[in-house]
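Novice: Each chain, letter by letter, is given below.
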Amino acid sequence: MIPVPTPVRFYQVGSFAVGNRLLDPDQRTVQADTARTNSLDSGHRACQGCGEALGARYVLDTAMRASDNKVVAVNATGCLEVFSTPYPESSWRLAWIHSLFGNAPAVATGIAAAMRAKGRLDVRVVAQGGDGGTVDIGFGTLSGMFERNDDVLYVCYDNEAYMNTGVQRSGATPPAARTATTEAVGPAPGNPFGQGKDLPRIAMAHEISYVATATVADLHDLEAKTIRAMAHRGARYLHVLVPCPLGWGAASKDTIRLARLAKETGLFPVFEAEHGEVVSVAKIRHKTPVVEYLKAQRRYAHLFKGDHQDVIDQLQALADRNVGRYGLVDPTSADAPQLTED
Amino acid sequence: MRRQLEGSRAVAEAVARCRPEVVCAYPISPQTHIIEAIGAMVRTGAIERCEFVNVESEFAAMSVSIGASAAGARAYTATASQGLLYMAEAVYNAAGLGLPIVMTLANRALGAPINIWNDHSDAMSVRDSGWIQLFAEDNQEAVDLHIQAFRLAEELSLPVMVCMDGFILTHAMEEVDLPSQAQVDDFLPPYSPRQVLDPADPLSIGAMVGPEAYTEVRYLAHLRQLDALEAIPRIGTEFAAAFGRDSGGLVHPYRTEGADTVLVAMGSVLGTIKDVVDDQRDVGIPVGVVGITAFRPFPFAAVRAACQGAERIVVVEKAFSLGFGGVLSSDVTMAGAAPHHLVHSVIAGLGGRPITKAAIASLIERARRGEVGSLSFLDLDEDLIAGELARMAAERRSGPVAENLLRDLASAPHRSRETGRA
Chain A
1 MIPVPTPVRF YQVGSFAVGN RLLDPDQRTV QADTARTNSL DSGHRACQGC
51 GEALGARYVL DTAMRASDNK VVAVNATGCL EVFSTPYPES SWRLAWIHSL
101 FGNAPAVATG IAAAMRAKGR LDVRVVAQGG DGGTVDIGFG TLSGMFERND
151 DVLYVCYDNE AYMNTGVQRS GATPPAARTA TTEAVGPAPG NPFGQGKDLP
201 RIAMAHEISY VATATVADLH DLEAKTIRAM AHRGARYLHV LVPCPLGWGA
251 ASKDTIRLAR LAKETGLFPV FEAEHGEVVS VAKIRHKTPV VEYLKAQRRY
301 AHLFKGDHQD VIDQLQALAD RNVGRYGLVD PTSADAPQLT ED
Chain B
1 MRRQLEGSRA VAEAVARCRP EVVCAYPISP QTHIIEAIGA MVRTGAIERC
51 EFVNVESEFA AMSVSIGASA AGARAYTATA SQGLLYMAEA VYNAAGLGLP
101 IVMTLANRAL GAPINIWNDH SDAMSVRDSG WIQLFAEDNQ EAVDLHIQAF
151 RLAEELSLPV MVCMDGFILT HAMEEVDLPS QAQVDDFLPP YSPRQVLDPA
201 DPLSIGAMVG PEAYTEVRYL AHLRQLDALE AIPRIGTEFA AAFGRDSGGL
251 VHPYRTEGAD TVLVAMGSVL GTIKDVVDDQ RDVGIPVGVV GITAFRPFPF
301 AAVRAACQGA ERIVVVEKAF SLGFGGVLSS DVTMAGAAPH HLVHSVIAGL
351 GGRPITKAAI ASLIERARRG EVGSLSFLDL DEDLIAGELA RMAAERRSGP
401 VAENLLRDLA SAPHRSRETG RA
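For the record, the sequence lines run as chains A and B.
Quick note: the first sequence, position 212, residue 212 per the working numbering, numbers continuous.
Quick note: the second sequence, position 10, residue 10 per the working numbering, numbers continuous.
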C-alpha cells in the first residue's frame, strides 16, 4: 500500500510551483538534475505548448533515473512518434522503437520477454502512446499485456482526440467536445454524452499492481508516480492528461493552466491505485466550476453561443460525480458539499 | 533419429532444436499442435531460456515477435489463414524493420465462407510483404526448412515464413529424421542481430521516412530478397553436407528431361503429381514436374531453367486472385518459362478439396491434347454453379450463396463430392 503523501507547506509563488531548492535533495525534480538524460531531447517538432512532449520528457527521464538509464522505450504511432523522429533526426536519447499504431503494448511485451530470456532483468520497458493508440486501436494489445501482467510500464498521454491526423474523435474524447468528426453542428453539437472509455478504471479492473493518473500541471507528482511505477514489476499503467493547444483550440501558454483546471474542476480525477484499489487521491485545492475550464477552449465554444446551460450542467454533473467517487474534495474544506438538515 | 511423428510435432521438435528465445502462441487450426508442443517443451525445460507467451490475437503474436526480435532474441510464431490476415499489418512491419522472425504458416483457406481446410490463399495474401516464403513438400522438408529458415533469416535480417499444407502435412503421421541438438547447434550459430535495442548503445528503430528516401529503403529490401536467391541454395547445400539430405533450395525439378509437358506446383500436392508423372513415364508419356520451394523471392532463372524445352507448362495452384486468375502461373509466365507457349493455370484443391491422381492424369491428358485453356478449375461442379446462377437470375433475394450450394448438395446426394468427379 502506498502511503498517502503528507502535505508539505511550500512557499507559495502565486501558483502551485515550488522552489525546488527548498526541497531536500532527494525530493528535487529529476528535471532539475543536471545529470538528467534528456531522453526526449530538444529540437523536436512538437507544437508550441505541447502537453505530450512535456509529459513524455518528464516520464522518460524519471524512468531512466529509476533504472540506472536502462530503459527501452516503445512508441505507438502518433504525434509523439512523428514529431520526435523525422529522420535523419531523432530526439530520442534512449533505445527506442516504433512499430505500429495498435501494437505498442505487444511490442513491449516482446522486449520484456526477450530480456527475461536473456536474464537482463535490469533492462526496463516503457511503452507509450496517445489516447487513440491506447483506448481505441491499441486496446486489445494493452488489455492482453495487462492480463498477462507483463513487465511493462505503459504510459498514455491523453489529449482526448486523434490530434496527429487532424483532431478526430477518439474513445477518450469528452462529451460535448468538438472534433473534426464530432462537429459543433446539428441539434446536439460536439461529442455525444454517454460514450467513451475510462481507461484508468479499466486498467484497475485488470488487478495490475499500479495504476495512476496525472497531469502536466503537476510535474513533480508525475515524476513521483513514475518513480513509484518503476518500483513495481509486472504490468503498470500511467494515464497522463496532456492538453493539446491545436486540438483543444487553446492558447499555447494555457497548457499547464488547462491541465490544472481539468483537475481542479474534477473533470480529470488524479489518483493512484494498487491491485485494483484506489490508494491515494490528489485533492482539489480550489474547487472550480467547469465553465472556467470550458470557456478557455474553442472545442467547447459552441456551448457559449445560444443557450446550452443544460449541456454545461451535464458536464458539471460529470465533474461532481468524480468528486464524489474519488473523494476529491477534503471534507474540511470550504468546497466540500454542505450537509443540510430539513 | 528417424521417428514416426505428426507433422506439427516434428516441426515443434525442429524449432525446439533451433533454441528459440521467445515463442508467441495464438491458437488457430491447423497450427495448434505446433504451439501446444512447443509450449509443453518450454514448461518441462526441454527448451531452455525461452519465454512462451500466450497472446490475445495473431496481431499481438507478430507484434510480440517484433519486440523480441528487435531486442535481440530469436523469435518464432506460427499461424494460418485468418490469423495471418489478422496479423497482416504486423507481418509487413516485421519485414520492413528487417527482423529475422521465423513463422510457420499451416496453409489454410480464407473466409468467407469459413473453411479450415488446406489451400494457399493465406500465403498468397502476403506475398508482397517482404517475407521470404518457403513451401515444404513433405514433413521431412518442413523440419529441414525450419532449421534452414533461422539461418537464412538471421544471415539476411529478413523474416522467413515456412509454409506447410494444413492438415495434409501438419496432421499427417510420417517418418521423419529429426536432427540432433548437436547437429543443429553446429549448423545454426547464436543470433547476432544487425540492429538491437540496447540501453548501452541506444538507437531509434522505426522512424518515419518520407518521399526523399522511401523508394531507396524499399529498393534495399528488394535487394536483400534477391540476396536470398543466392543464400537459399547455398544454405541448402550446406545443410545437405551437414545432414546428408537434400532439402530446401529454390526449385526441385522431377523427371523433366525431355518432357513436352511440365507441371509446376508447390507444397504437398507435389507428392501426388510425382506419382502420376511416374505412372505416365512408365507408359512413355514425356511429362515432368517442377516443385517450387522458394516462392518469395521468386526464382525466375531457376524456374526458367527447370522448364527449359517443355512445350507446355501447367501450373497447378491452390490459390487464385479473384478477377484475375492464377498467382503462381502469373509468376511462372513472368519468368519466361515458356516463351512461345501459353502457361496454363489450373486452380485446384481450394478449401481442402482433394487433388486426386485421376484428376491430375486427366489434366495431363487434356493438356497434351490442347484442351486446357489459360485458366481452368480442376473438378469444378458445373451443375452446382448452373443451379445457383439460375437462382440468382430468377430472383433478387436469392439468399447467401454458400448456404444455397450446401442445400443443393444435401438435396441431391448423388452429386456430392464423395463421387470423386474428375
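Hints are supplied without guarantee of correctness; some may be wrong.
Said to hold, decoys possible - Calculated from the model, a selection of chain A residues having no Cβ within reach of chain B, i.e. all distances over 12 Å:
id, residue
1, THR29
2, ALA112
3, VAL279
What the hints assert, rightly or not - Covered stretches of chain B, going by a simulated chain A footprint (3 or more residues, C-beta under 8 Å):
id, stretch
4, 43 to 56
5, 66 to 80
6, 87 to 95
7, 202 to 216
Said to hold, decoys possible - Here are some, though not all, of the chain B residues that point toward chain A, as calculated from beta-carbon distances under 10 Å:
id, residue
8, GLU21
9, PRO27
10, PRO113
Hints were generated in silico from the structure; no laboratory data involved.
Everything numeric in this text was worked out from a predicted model, so none of it was measured.
In this text, a Cβ means the ideal position worked out from N, Cα and C, and glycines have one as well.
Novice: In terms of Cβ atoms, is chain B entirely out of 12 Å range of VAL279/A?
Specialist: holds, 28 Å
Novice: Please check whether the stretch 87 to 95 of chain B has three or more residues whose CB lies within less than 8 Å of a CB on chain A.
Specialist: holds (count 3)
Novice: Under 8 Å between beta-carbons, do enough residues of the stretch 43 to 56 of chain B, three at least, approach chain A for the coverage claim to hold?
Specialist: Result for this restraint: holds, n = 7.
Novice: Does GLU21/B pass the interface hint, meaning its C-beta sits closer than 10 Å to a C-beta of chain A?
Specialist: holds, 4 Å
Novice: Holds or violated: PRO27/B as interface residue toward chain A, Cβ cutoff 10 Å?
Specialist: Violated. Min distance 14 Å.
Novice: Tell me if the interface restraint on PRO113/B is satisfied: Cβ within less than 10 Å of some Cβ in chain A.
Specialist: violated, 26 Å
Novice: A cut-off of 12 Å on Cβ-Cβ distance, and THR29/A was said to be off the interface with chain B. Does that hold?
Specialist: The claim stands: THR29/A keeps its Cβ more than 12 Å from every Cβ of chain B (closest is about 22 Å).
Novice: With d taken as the least Cβ-Cβ distance between ALA112/A and chain B, does d exceed 12 Å?
Specialist: violated, 8 Å
Novice: For the stretch 66 to 80 of chain B, count the residues whose Cβ lies under 8 Å from any Cβ of chain A; is that count three or more?
Specialist: holds (count 9)
Novice: Three or more residues of the stretch 202 to 216 of chain B near chain A by CB distance under 8 Å?
Specialist: Held - the stretch 202 to 216 of chain B has 10 residues with a Cβ nearer than 8 Å to chain A, which meets the minimum of three.
Comparing the model with each numbered hint stated earlier shows that hints 2, 9 and 10 do not hold.
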